[in-house]
Structures are given as structure tokens and as C-alpha cells.
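Just so you know, the sequences run in chain order A and B.
Using the numbering used here, you'd call the opening residue of the first sequence number 153 and step up by one each time.
Using the numbering used here, you'd call the opening residue of the second sequence number 24 and step up by one each time.
If you are wondering where the hints come from, they were derived from the structure by calculation, not from laboratory data.
Incorrect hints may appear among the rest.
As the list claims (entries may be wrong) - Once the Cα atoms are required to be at most 20 Å apart in a straight line, the calculated PhoX-like pairs of lysine-lysine come out as:
id : chain 1 : residue 1 : chain 2 : residue 2
1  : A       : Lys296    : B       : Lys46
2  : A       : Lys336    : A       : Lys218
3  : B       : Lys246    : B       : Lys182
4  : A       : Lys296    : A       : Lys218
5  : B       : Lys46     : A       : Lys292
6  : B       : Lys46     : A       : Lys295
7  : A       : Lys447    : A       : Lys167
8  : A       : Lys325    : A       : Lys336
9  : A       : Lys423    : A       : Lys436
Unchecked claim - Some but not every residue of chain A turned toward chain B, in silico, with C-beta under 7 Å:
id : residue
10 : Gly264
11 : Val277
12 : Thr279
13 : Pro282
14 : Val285
15 : Ala290
16 : Ala475
17 : Tyr478
18 : Tyr480
19 : Gly481
For glycine and all other residues, C-beta sits at the position ideal for the given N, C-alpha and C.
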Amino acid sequence: MTEKRHEVLGLSDEKVLEMYETMLLARRIDERMWLLNRAGKIPFVISCQGQEAAQVGAAFALDREKDYVLPYYRDMGVVLTFGMTPRELMLSGFAKHEDPNSGGRQMPGHFGQKKNRIVTGSSPVTTQVPHAVGVALAGKMEKKDFVSFVSFGEGSSNQGDFHEGANFAGVHKLPVIFMCENNKYAISVPIEKQLACEKVSDRAIGYGMPGFTVDGNDPLEVYKVVREAAERGRRGEGPTLIETVSYRLTPHSSDDDDRSYRAPDEVAKAKTQDPIITFGAYLKETDVMTNELEKEINHRVMKMVNEATDYAENAPYAAPEDALKYVYGN
Amino acid sequence: MAVISYIDAVTMAIREEMERDPKVFVLGEDVGKKGGVFKATQGLYEQFGEERVIDTPLAESAIAGVGIGAAMYGMRPIAEMQFADFIMPAVNQIISEAAKIRYRSNNDWNCPLVIRAPYGGGVHGALYHSQSVEAVFAHQPGLKIVMPSTPYDVKGLLKAAIRDNDPVLFFEHKRAYRLIKGEVPAEDYTLPIGKADVKREGEDITVITYGLCVHFALQAAEKLAGDGISSHILDLRTVYPLDKEAIIEAAAKTGKVLLVTEDNKEGSIIGEVAAIIAEHCLFDLDAPIKRLAGPDVPAMPYAPTMEKFFMVHPEKIEKAMRELAEF
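Bound-form chain B, shown alone (with noise of 0.2 Å):
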């Protein structure tokens, strides 16, 4: 099987999807001749020509707007947001319209719109080029929000977001594009939206998490497994709608459980997350639910002092799953 890295993953299920189906478009900023400032979509409009992969004017709203209007029509538009800091502008088309046409219309009409965006810090990006924006997002009911952490992941949940019949966001991590190579089939393959995935079996502590931070997480249960402490992961994978079994079954295992978003750490994913293992697993829990996030600041800052201060890494993740274990 080839090792290819996360943003190829990324390319390789569009170019696959466009292929199979020619209802699949790509929309938006820099995703033609460029190939996409991350270069997300190269390739892609030598393939398929000027009019499957469009270069859009410089206007969020109008690319999730458009895609929705081609969606409703019975197209698959893959629109992309070039950052996810840039999606603001589109937040009334996104939650106002996307997610809201199939219950608003009574089933009548609907909205299979893609939309991806790159997020995450940890690259010199500022305060505009580096944020998480799921938790804006995940407290609308209609939408689904997918954050893939490996190449694997990112194929056949980018596939299966392509045929899903409803809007979603597919926020890939931008460190994460280069940074993180995996095994991917060559072959056809989807994965199950809203299904959690453990990505480390373990015994003494269970970590939750989603994005960059599994790898970061991963890396910090390989020091302490030295230390004789198994550590179990659960990679969310979807952040919204939760999987909430998987949750409750993770937690339950071990009844010490840490929480890790790169996000702000007030009304982030993990703090649903929280409230799930709260409801269900109290009587399973010996110690009291960990979290471990960005602080509670608008934005990560440009000096690399204060952007490692504010990102999660490895170092960080392996005290606090070891604070736990010694709870």
C-alpha cells in the first residue's frame, strides 16, 4: 500500500470522486490554475478543465452560496474555503440556508454541498491563518463537521462527505497536510460519517480527541507506555454529530479521561464531549474529566514564543494524560 501524505489524500479522493461522478465540481479561491494555495486541488483542472474546477471571485458567501444553489439543483460542489478563519463571511449561507433546506422544505429539497477548509495553528499562520472554527459550527443541528487526522481517514470520509446527501465541512489540518503520511488504498472506499475511531487500545487512561492533536496524543502514549501506563485514543473524527456510543464506551473503559482540542478550551467540541461522559459515566469515572486546550484568548498569536504557548503539543498532552494516570 503507498504512503502518501494527508493533503495528497485529500487530492487523491476529489480527483476519485470527480471521475466517478460528473455531477462532483470544485469551487472557489485559487483552486484552478493554482491548484489551491495549499496545492489541495493540483492537477485537477489540467484534468477536468475550467469548468468542473472554478476559479471564483473573492467572495466567501457567493462560494457557499453558489454551491448551495448548484446543490439544491442535484450537483455535488465541493466548495473550498482557501482558510477556515476565511469562512465568516459564509456563516449565514452555511447555517442559515445549507443546514437548514432539508427541514425547513419538509424533505422537499436538499443540499449535498461539500465544503473543506484548512484550519490549525502550529505554522506561523497568526491570528487569521491558524483557528479552529468547528465549535461555530457544531451547535447546528443539519450540519455535519468532519476533522480527519491521518490520509487513510481523509479519503474515505472526503468520499463518503462527497455522496452524503446533506451539507458538510470537511476541515483538514493544515500542519497536518505535509506533516502526516499514511498507508492509503489505491482502491475505492468510504468511511462511515459520525463514527469514532480508536486509534490506540489501552488499559489506565482514555484521551479524546480529533485533528493533529491524535498524532501529538499517539506520540505522547508511545513515552508513557515506556513508563508502563496504557493509554487508550479515540480520534473523534467527526466532531458534530457526535458519536456518542463510542464516547460513552471510550470513557467507561478506563474511567479516567482526558479531553484534548487545539481549540479555545471554553464552549469547545470537547466540552459536549465532557457533558456526554458527564451524563452517562459518572459511576464509571475515578477521577474527575481532564481537559486540555487553547486558552481563552480570540486568536493564536504571530511570535513563536506565544503560538507555542498557545498550541497543544506533544509535551503538553504526555503531563497532562500522566497527572491522570497518577490520579
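Chain A with its partners taken away, still in its complex shape (with noise of 0.2 Å):
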């Protein structure tokens, strides 16, 4: 039998499953918002597909009742992870009114929800990243012993603020996480135009921090690295540069052709690799998920899928005018 790594890191069974079970309702979710657009029910999509493991690995190594997370627009497995529900996240898809991110204002993939701690963020890549560090300063400042979390893509490596909010975090040694999602493709351009170094996680030593590049496939191993980042955070310690490299299965986005930039076979072979087989290939080889209770976790995932898809496709749309409302407070 395949030795069972998650007990080593100190999982029981019933987390794994738990990991297992969002990151395929992360998946499902994604696949059918694809049908929604192609039936030309939704206007845009933009996916997780292919980054779950490293998402839902993430998000549970950190303490879903204190820290922050300021996820970037694929982290749909890190908000669920973080407590948005499948429903909300198809009132998102829908551009409804009960859409707790933004109320129908933004497009799908642009998260917030305060109540869960997760920051609203926007379509210009990489601004989260200096929030992320303003948020840790603030506990820094309050006392507090919570940890902020932010991720983005191997392309946003290169913009400034991954510079400024690094340097910022290594110099008043805050504790945040910067988790880059490399998924080896930016829109088009491959990893090879956009990196001079070998790994993202080279630049670390930049900011004086830790770096480390893990295989993004692979939950557990996230999930480790990003504990011990959380750990070394609120110990004082400061921020960790973690690399989760994986493979983006999807186009872009919905209005993306992916043929155009890469060979078939290329994505053929990622998806041996895909987390979703590749993790539920090791929960069975331990004996932690029977096929009954695959089955189980696929008609809950369904269910779910289903009935969020129902009530978000009913649900009002906002008023009209209700565009005027918020842009100052009172």
C-alpha cells in the first residue's frame, strides 16, 4: 500500500477527504460556468481548472477563522476553502444581486467577502499584493497573530508591486504568504519570455525571505510548505515566497483559443498530471476513499453544482439604478 503521507503531516482522513471533496466542487463548478458560457447563459469565465490542489492545499494550511486571503481571479478553490459557497459563487457567474463579491458589479473571479476575511480585489494583476502586506502590518500594529495570504501568477511576478509589496513585507518582516501560482503560461506567453530566472521562488532572496518551489500538483505538499510559512509568520519570523508549479488545462479564458499558442499533446500530457485524478488516485491506493464513497462525493459535488446553478440562473438581477448606489459611504 501506498504509505499514507497525509498522516505524516498530521491529516486524518476525513481532512483529506475534505481537501479531495472542494477541490472537486471547485472543478465542477468551473466546468459547468464553461457550459453556461458556451449556452450563452454567462458572459465570461475564468478558471481554476488544473490549480485546485494547489489552492485548496493552501487555503487549508492556514486558520480559516483569523487570517486573511486575498486570492487572485483562478483561486476559486481557496475562496470556497475560506467559506463562499458554491451558490455564491454562481450568483457571482451570473452577475446577480445576492453575489456577495460585488453585487453583479465586477466579473466572475474577482473575490470579496468580508465576513470570510476575503479582500475584494480587481482585474489589474498584482495590486492585492501591496494590500496583502498592509493587511499584515495592521495586525502587526493590533497585535493580532493572524497570517494574510496572497497569490497570484508567475506573469504578475514581474510587475512592481510583487516587487514594492515584497520588499515592503522582507523589510518589517510581516507575516505574509506569497503564493505565486505558476501554471506556466501567461495569457500566451510561456514561462520561458517571462522569467529570467530558473524559479519564481529565486527572487525571495531579494526580499529576504525564504523561497521555495513545490509541485503544485500535489495538496500535501502545498499544504506543508504553506503551514510551516503560516507558522513561521506568527512566530514573527516574517513572509515566505512559496511557487506552486502546475499546468493551466483551460484557455485563458472564455474568450481565449488556446490552440494558437500551444501544441495539443502539450496539454494532453498535463493532464495525466491533472490534481483531481492525481490526488483521488492516492486517496484510493491508502484506502482512504472507497469507490462508494467516490460516488458519495460525487453526486453531493453534483447536487451542489446543480442547485447553485438553479437559484443563481433565478435570482433578481440588481435594479438599473442600483449602478449609482456606494460610491461613497455616508
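Hints in hand, dock the two standalone chains.
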């Protein structure tokens, strides 16, 4: 039998099954959104597919009662783990009034939900990085022991805001976890045209923090490195840069056709490493998940996705003049 | 009542707010030990310590962005841009982020951040230490832009900005810092953001302006008074959102309006003021709306001849006011 690596990390069978179910839920919501988009029911989709292991592994390593997350647009696995429901994600997909992220103002993938400490984000990439540093600075000033977790793509690791934010956190030894979800492509531009260094994590040394590169298809490896980074942050030892390497299994978005810039066999090969398949296989090899249990999980997930879709499709839009609300507070 | 300088009013407002509310803190380049390149934060580092008066790395987007993050958490950061000219690397953070946080989150999050920056010319600052940058931001609902002219207004408006639940850009005229002095009460008070203020009552012509130009206009008005011309002077104080009611009232009162800014003329704040007057006061006007501003060149040159040519000064305003009065 395969070694139960999750036990070494102190994770129970129930916990890893919960991780698997969250990954699967993210995948199935995402797939449903593509169907809805191709059916002409929702205008836009941007995917988490291929990155669920990194997202869920990382989010499970955080404290969901107090830590802050500043996700980027692919992080459905992070926000599901932090308490956003499938229904809420579908409301966002359909741009409905009840969408907690934005009330139907933003495109899907622009997450934000204050009650779950999911900090609102935008479309210009990497602007969330200095925000995460600011949240951590506030926590330090207020003598709280939360960490702030911020994620972004490898293309974003070229933006000034990544470097300015990382440097600020390094200088002030702030509890920030910078997680780069390296999916090998920034829309069409491959990693070798993005980075002159070998790994994104090589950039950590410039900002006085440790840097790690891990297999982004393995939620347990990501869990381990993020948990250690969170512990380091809580001990006052400052920030960490983590790079999770995986592959973007879909085009950049519903408006992109990836066949113009990458070969079909490259994508086919990546699909053999699909974390939903490989983690599922691990859970079976370790006898954590039986075929019966797998069916049960699948059934539960599809039920949630179907219910969320029906609810969101039938929910009302905001009134037209709601566009005038909330420019300023009182 | 004590007479203090414009810059001392800045320091006083920040100090009092930091004493009142532990969530208020300062961040920026050289704001700590040095007390700021203009000394606007002098003494605060000694009083509140390095954790609340933070010398940051030299990176403006991070100064704004870290401030935004702390503000979303619930702090009340005051970020300093050393010169308004250097705010440009932070424009994405200010316009894409700070301005839109409340709106994009459907009122779930907000961003109570103040960004202070010295602006304006007449100090041999050349192209990159003289600019007026308010027009860059004045097209962005979600932001408020305050540009006070007197020490009294500085204190009251800066306190209001710090207590405001939305992002406020607070532009301080650097030549006014030590040139302009005025009475400032020792006690706590705030002034409303978004409200203009009549700085001189008059009957014949109206001048609408803001910042240092308010003082130049007041000097010119004094000269004109000697010749029997009575000038009404409105200080915008907040240049975004504009106080439309006060603008309409001031323009309609005399029917002759001069608009003054130190910024380049085209696309400046006063263009919007002119549009408001054109929309609402056409039948009250007795003369075309007149504008006095900097020339449409990229920025202010260094040599004293060219700098003086660029700058608005009392003589230029006086000339424009006379022309308008005689129309």
C-alpha cells in the first residue's frame, strides 16, 4: 500500500477527503460555468482548472477563523475553503444582485467577502500584493497573530507591485505568505519569456525571505509548505515566497483560444497529471476513499452544483439604478 | 488664537488625530526620523514611535498599496507622497484600487485612506517638483480631492479627511507651507469636505479658485477695491467632487466670472467649473467666462524667467480681474 503521507502531516483521513471534495467542487463549478458560457447564459469564465490542489492545499493550511486571504482571479479553491458557497460563486457567474463579491458589478473571479476575510480584488494584476502587506502591517500594529495570504500568477511576479510589496514585507518582517501559482502561461506567453531566473522562488532572496518551489499538483506538499510559512509568520519571522508549479488546463478565459500558442499534446500530457485524478488515485491507493465513497462525493458535489446553478439562474439582477449606489459611504 | 503657518497646521492636525485614535498612523519616505523633507511630520516619530510613523522603502506604489491594505483592514493610514509629481507610480493603486473598493465590493469593503502630497510651483522646483496633479484624479468618482488654502482650512479639512470613510487625496501647496500664516484654534474641529468657502464677499466680479491662488486673488481684490471694484472670491477647497451649489451661487451673484488655477489650462479643474456655470448660469452671465491658468506646456521650467512666466501671480490675476470688470 502507498504510504499515508497525510498522516505524517497530522491530517486525518476525514480532512484529506474534505480537501478532495473541495477540489472536486471547484472543478465541477468551473466546468459548469464553461457550459453555461457556451450555452450563452453567462458572459465570461476564468478558470481554476489544474490549480485546485495548490489552492485547496494552501487554504487548508491557514487558519480559517482569523487569517486573511487576497486571492487572484483563478482561486476558486481558496475562496470555497474560506467559506464562499457554490451558490454565491454561481450568483457571481450570473452577475446577480445577491452575489456577495460585488452584487453583480464585477466579472466572475473578482473575489471579495468581508465576513470570510476574503479581501476584494480587481482586474489589473498584482495590485493585491501590497494590500496583503498592508493587512499584515495592520495585524502587527494591532498585535494580532493572523497571517495574510496572497496569490498571483507567474506573469504577475514581474509586476512592480510584487517587488515593492515583497520588499516592504521583508524589510518590516511581516507575516505575509506570497504564493505564486505558476501555471506556465501568462495568457499566451510561456514562462521562458516571462522569467530570466529559473524559478519564481529564486526572487525571494532579494527580499530577505525564504523561497520554496513545490509541486502544485500535490495538495499535501502545498499544505506542508504553506503551514510552515504560516507558523513562521505567526512566530514573527516574516514573510515567505512559495511557488506552486502546475499547468493551466483550460484556455486563459472563455474568450481565449489556446490552440494558437500551445500544442494539443502538451495539454494532453498535462492532463495526465491533473490533480483531481492524481489526488483521487492517492486516496484510493491509501484506502482512504473507496469506490462507493467516491460515488457519494461525486453525487454530493453535483447536487450542490445543480442547486447553485438553478438558484443563481433564477435570482434577480440588481435594479438598473443600483449602478449609482456606493460610490461613497456616509 | 494662535497664528501658525500652513505646514504647522498640517502637523497639528495629524498629531491631534494620532492622539485621538490609535488606528491613525503615518507612512512614507523620510516621514520618520527626519520628520519629512518639508518637516510636515516633525516630532511625530519622537511622540508616537517608529511603528506609527513609518519610514518606508522608496516605492510609491507600495506606500499607497500598503496603506490601502491597512485601511481595508480598518486602520486609518495617512500616506505621504514626498512630492505630488512622484505620485505617478501609485496611480494604479489610487485609481484602480482605492477609488473603486467600496463600489466594486457593493459596499462590503471600504478604504479610509488619506494620501497627502505637496504640489505647486514657484519654489524653483522645475518640471518634477512643481506640478499640480489634481486633474489626473478629478475624473474618478470614489476619490475626494482636497486642496486647502489657509492654515485654518488645513487643520479642519485634514482632520475631516482622516475621519472620512473613503479615500481622500490631500494636496498641500508647498509654497504656502511657510508663506501662508493664519489663525488656527487650539481645539478640535473639522470642516466639511465637498464644501467651498467664500473668502471675500463682493458685488461686481467673481473669482473662483483654490490653493495658493486664493491668496493671490485676495491681494488683487484688495487693489481693485481701491478703484471701486468689488470682488467676490470663492475658494473651492475640495476640487472633487465640486460644490456645484456654491459655484452656481457665486457665478450668478455677479454675472462676471474669472476662474483661476496654477495647473495647465486645458483639461484642468476650472474647465469643469466653467461647464457647471455654462449649464446653470447662462442667463445670469454678463460676460464670457474667463480663465487664467498655466500655459499648455508639459510642466514648469527651472530658470526663473520661465518659471515666473508659467506661474499665476497677483499681477496676472489683477489684470484679468480688471479686464473682466471693464467688460
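Verification of the supplied hints:
| no. | hint | result |
| --- | --- | --- |
| 1 | Lys296(A) - Lys46(B) | holds (14 Å) |
| 2 | Lys336(A) - Lys218(A) | violated (32 Å) |
| 3 | Lys246(B) - Lys182(B) | violated (34 Å) |
| 4 | Lys296(A) - Lys218(A) | holds (9 Å) |
| 5 | Lys46(B) - Lys292(A) | holds (12 Å) |
| 6 | Lys46(B) - Lys295(A) | holds (12 Å) |
| 7 | Lys447(A) - Lys167(A) | holds (18 Å) |
| 8 | Lys325(A) - Lys336(A) | violated (30 Å) |
| 9 | Lys423(A) - Lys436(A) | holds (19 Å) |
| 10 | Gly264 | holds (5 Å) |
| 11 | Val277 | violated (10 Å) |
| 12 | Thr279 | holds (5 Å) |
| 13 | Pro282 | holds (3 Å) |
| 14 | Val285 | holds (5 Å) |
| 15 | Ala290 | holds (4 Å) |
| 16 | Ala475 | violated (9 Å) |
| 17 | Tyr478 | holds (4 Å) |
| 18 | Tyr480 | holds (5 Å) |
| 19 | Gly481 | holds (4 Å) |
The structure shown violates the earlier hints numbered 2, 3, 8, 11 and 16.
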